[in-house]
Amino acid sequence: MKIGVFVCHCGENIGKTVDCATVAQRAAKIPGVAYSVDNKYMCSDPGQNVIKNAIREKKLDAVVVASCSPHMHEKTFRKAAADAGINKYLCEIANVREQCSWVHDNIPDATDKALDLVRIAVEKVKRNIPLTAIRVPVTKRALVIGGGISGIQAALDIANSGFEVVLVEKEPSIGGHMSQLSETFPTLDCSQCILTPRMVEVYQHPKIKLLTYSEVEKVEGFIGNFTVTIKKKARSIDEEKCTGCGLCIQKCPIKKKAFNEFEEGLATRPAIYVPFPQAVPNIPVIDRSVCTYYQTGKCQMCLKVCGREAILFEQQDTLVTEEVGSIVIATGYKLYSIDKKPEDSEIKGYGEYGYGKYKDVIDGLQFERIASASGPTNGEILRPSDKTQPKKIVFIQCVGSRDEQKGFSYCSKICCMYTAKHAMLYKHKVHDGEAYVFYMDIRAGGKMYEEFVRRAIEEDGVKYIRGRVSKIYRQNGKYIVKGEDTIAGMPVVIDADMVVLATAMVAQPNASKLAQTIGVPYDKYGFYQEVHPKLRPVEVSTAGVFLAGACQSPKDIPESVAMASAAAAKSLVLFGSDYLEREPTVAVVNEANCAGCFYCLKVCPYNAIEKKEVKNKLGEIIDYIAHVNAGLCQGCGTCNATCPSKSIELIGFNDEQIYAEINAFSESFV
Amino acid sequence: MNELREKAKELLLNNTVKLIIGYANGNGHNRTYPFIARNAADANRLVFNEYCVNNLAVYLTRKEFKGKGIIGIVAKGCDVKAIIQLIQENQINKDEVYIIGMNCNGAVNQLDNSFEKTTLAQKCINCTVRTPALYHALIGTTKDIEEPADTLGEKIKEVEKLNADSRWDFWEAQFEKCIKCYACRQVCPLCYCEQCIVDKTVPRWIESSAHTRGNFSWNIIRAFHLSGRCIGCGECERVCPMDIPLSMLNRKMSIIAKKEFDYSAGVSLDSPTLVGTYNMKDRQDFIK
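For the protein sequence lines, the chains are B and F, in the order given. Residues in the first sequence are numbered from 1 upward in steps of one, following my numbering. Residues in the second sequence are numbered from 671 upward in steps of one, following my numbering.
It is possible that part of the hints are untrue.
Stated by the list, open to error - No farther apart than 25 Å at their CA atoms in a straight line, the calculated lysine-lysine pairs in the PhoX-like style are these:
#1 F:K958 with B:K513
#2 F:K764 with B:K602
#3 B:K304 with B:K257
#4 B:K207 with B:K233
#5 F:K825 with F:K736
#6 F:K736 with B:K615
What the hints assert, rightly or not - One-sided and incomplete, this derived list gives chain B residues near chain F with beta-carbon spacing under 10 Å:
#7 N593
#8 C597
#9 F598
#10 K602
#11 V603
#12 Y606
#13 E620
#14 T642
#15 I658
Read the hints as simulated data drawn from the structure, not as lab findings. What you are looking at is a predicted structure, and each value in this text was computed from that prediction instead of being measured. All residues carry an ideal CB built from backbone N, CA and C; glycine is no exception.
Please construct the entire structure, taking both the sequences and the accompanying hints into account.
Below you can see the structure in the form of structure tokens.
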């Protein structure tokens, strides 16, 4: 076997700590190496041509590229090798960047280690065999989880390309947080006015199957072939019969008891309700936790007034199964609840701001509802406690955000903008009012964003104070806000009528549960983790699953929409071909040796191992052995590590290859 | 003894079982040896007494018995633990084994060359399964027995006290003796692999020549392969011609399994296997 070794400098990245020329020279002496060379940028076009030409001219059988992590450029180099006519699995990467040059500073030692890594890869590639990709069919149908603006956008983009979409929303209506907003920055257009047409479009789209009041229970399968089990929670309403007339809602005797989630607790709702007038679908739901019938067995007023007999008190949760090829997660965010310290959380909270204790200390979403024309005050700025117009209002930014001591270290990104918007809306509605904003810095990066904040300050006269607030307390009917103006270097005391806290955006409370259901990594805050922060921002490590919107990190509407379209585009890329090529590096059982203990079956995270019958000549079952479903196997190798008799191997990483690598490495000690 | 023979005869005559794996009297010195009873006459040769120290569960996975109908087995509580483990590991079908459970009053340590002396076998000290946990028929009664001190436990504690170097020296001296006869593997009911890792040549994981390095690999890997699985029958140590204290390794592994995962092998058919069970509460602190 003639092996070529190609050592990349990666500019300075490798070349600075590894003497690449020496590595190439010394690699030439490794038995089996027929050609060896270094290059400034192996991944560049000329660099790849060096590999291709060498394969052709030197008649190489296999190549080793000493470069960055295989995550980075294994595909590039394998393609180059394939272009030059050798099987791409006869190209191995020796990672001399992440695992060598970046972590060492001593040149001779790093050079020795780089050579070790090359020698290991050479010994492996000697034992590699040509492999062909596994082809699996693609189900050209997408699941979108979350019916906020991100989910709506992703669903519409995929459906408008002609593919079916299943849109799952856990609330009774789609719309998400955007449906709660009054106006949107930086143009101050009405949130509902731009959102509701999209909601209706989703509802009427022939390619979109909308499942509201539903949650994803289980996800099985793999890219192109997911089987999703969705729980449709009991609405207690026959969705077919209900016309959405709303009579039941008007007649429900429980008017003033139930917490109104849509109004962020600033109003109440009946036990049978639609979250807001433009809800999609316009079908009510019974909140069984407050409904008199479910609590006492009496009432049934809604049933009596319903002309269509659409009330189903006995309705049960049902499970629906859907086959899809891709999954877009757009589950959004929640606002950090500052009133009390969450259980098992390191967050210390902001008790000193009196949220939850003082009715007029509210959060951003509550202010949105107060400012909204459809909100509890019909758009008049009135404080919740006594419905009077606040003449002095204080906005506090970064409550929870950018605060390692008491909150989260990340920036919630949208608060600078929405606080400016809130202050502006306030000034537009209360002309003689005074608005103060406590801020740390203004982060208004974005088209027309900085201009928007300047407008709030310069045209609308909002007073910005750089500093933090230490305490809020009541005195003579006022809220005394004690803070510091760090520019003036002076303490500030404002006797406000109302305080709005720009609290941090946090991950949905059950984000980790969904992540574990689908197999999506998440960061320590519960936000879903993309594969690459720059180059693969909407993909996750589970192939075929994409992210959209604030479930990945705090985001505003334009960013969420853009990301949703990107996630849709990624799904469409998948649907562009009838078959998917999968890596052939899957596990395979040595059937003669398998003792059938099925420890592999127990440890396989992908349910890829099955029991296979062993029959004798008479067709009688005499034993069971393990069998790998190559369609499900992800090549993680857990089974290999578990099998006591080493009867299961990973193609492309078999025992012989790994052993050869270990042996090659140990040579450096003798 | 009559009770056992009658039961065996009954099972064989009415075809409940194809054959019965049990014990018969050996040639003098009260010795017993494994014996396969296939008919009523054979059944009369079956015995059970304190010399029946062998763990017969090892025969259940033999090709000549497996899948050939229901096999009867004379089993002490400790042997039943191995049977439970074998059922859990899919090596035997629980419907294809008929356990004649023996109430046991301890077996004799046959390592002692003077067969006159009857010292209780190490595995019988602090025994919790003198009545088997699983059986189809139960024979005999248990009575109070006098238990000597747990010398194995004490020995483990002594070695634990040594520093790493001295521990290494201790085991080096032990493993040096190993002649790679693999009697430990052959007698172990849980060493049922079609091809043992030590017999693999592509690649050769364990050097098979009998020198210390390969001996270390062999004995340590075997201990690891048995961790969370060994039921502590002590057969490996009993048959070792070089007197390597293998029970120390296996007992230590089961102490760790108990301490870290609250797991004991072969206790119940319902408890999941240790390896192969993922629990969110499993320790994570070793992941750095």
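Hint-by-hint comparison with the structure:
1. A hinted pair counts as satisfied when its Cα atoms are at most 25 Å apart, and K958 of chain F with K513 of chain B qualifies at roughly 24 Å.
2. Between K764 of chain F and K602 of chain B the alpha-carbon distance is near 19 Å, which keeps this suggested pair within the 25 Å criterion.
3. As the CA atoms of K304 of chain B and K257 of chain B are separated by approximately 21 Å, the hinted pair is consistent with the 25 Å bound.
4. With a C-alpha separation of about 23 Å, the suggested pairing of K207 of chain B with K233 of chain B holds against the 25 Å cut-off.
5. Taking the CA atoms of K825 of chain F and K736 of chain F, the gap is about 39 Å. The hint is violated against a cut of 25 Å.
6. Between the alpha carbons of K736 of chain F and K615 of chain B the distance comes to roughly 13 Å, so the proposed pair stays at or under 25 Å and holds.
7. Below 10 Å, beta-carbon pairs count as interface contacts, and N593 of chain B has one with chain F at about 5 Å; its hint therefore holds.
8. Interface restraint check: C597 of chain B against chain F, minimum CB-CB distance 4 Å, threshold 10 Å, status holds.
9. Given the 10 Å rule on beta carbons, the hint for F598 of chain B holds: about 5 Å separates it from the nearest Cβ of chain F.
10. The interface hint given for K602 of chain B is met, as the beta carbon of that residue sits about 3 Å from the closest beta carbon of chain F, less than 10 Å.
11. Satisfaction of the interface hint for V603 of chain B is found here, the shortest Cβ-Cβ separation to chain F being roughly 5 Å, below the 10 Å cut-off.
12. Contact between Y606 of chain B and chain F, as hinted, is not supported at the beta carbon level, the nearest pair being about 13 Å apart and thus beyond 10 Å.
13. Hint on E620 of chain B holds. Least Cβ distance to chain F is approximately 8 Å, under the 10 Å limit.
14. Among the interface hints, the one on T642 of chain B holds; its C-beta lies about 6 Å from the nearest C-beta in chain F, closer than the 10 Å criterion.
15. With its C-beta approaching chain F no nearer than about 8 Å, I658 of chain B sits inside the 10 Å limit, and its interface hint holds.
In terms of the numbered hints stated before, the structure departs from hints 5 and 12, listed from lowest to highest.
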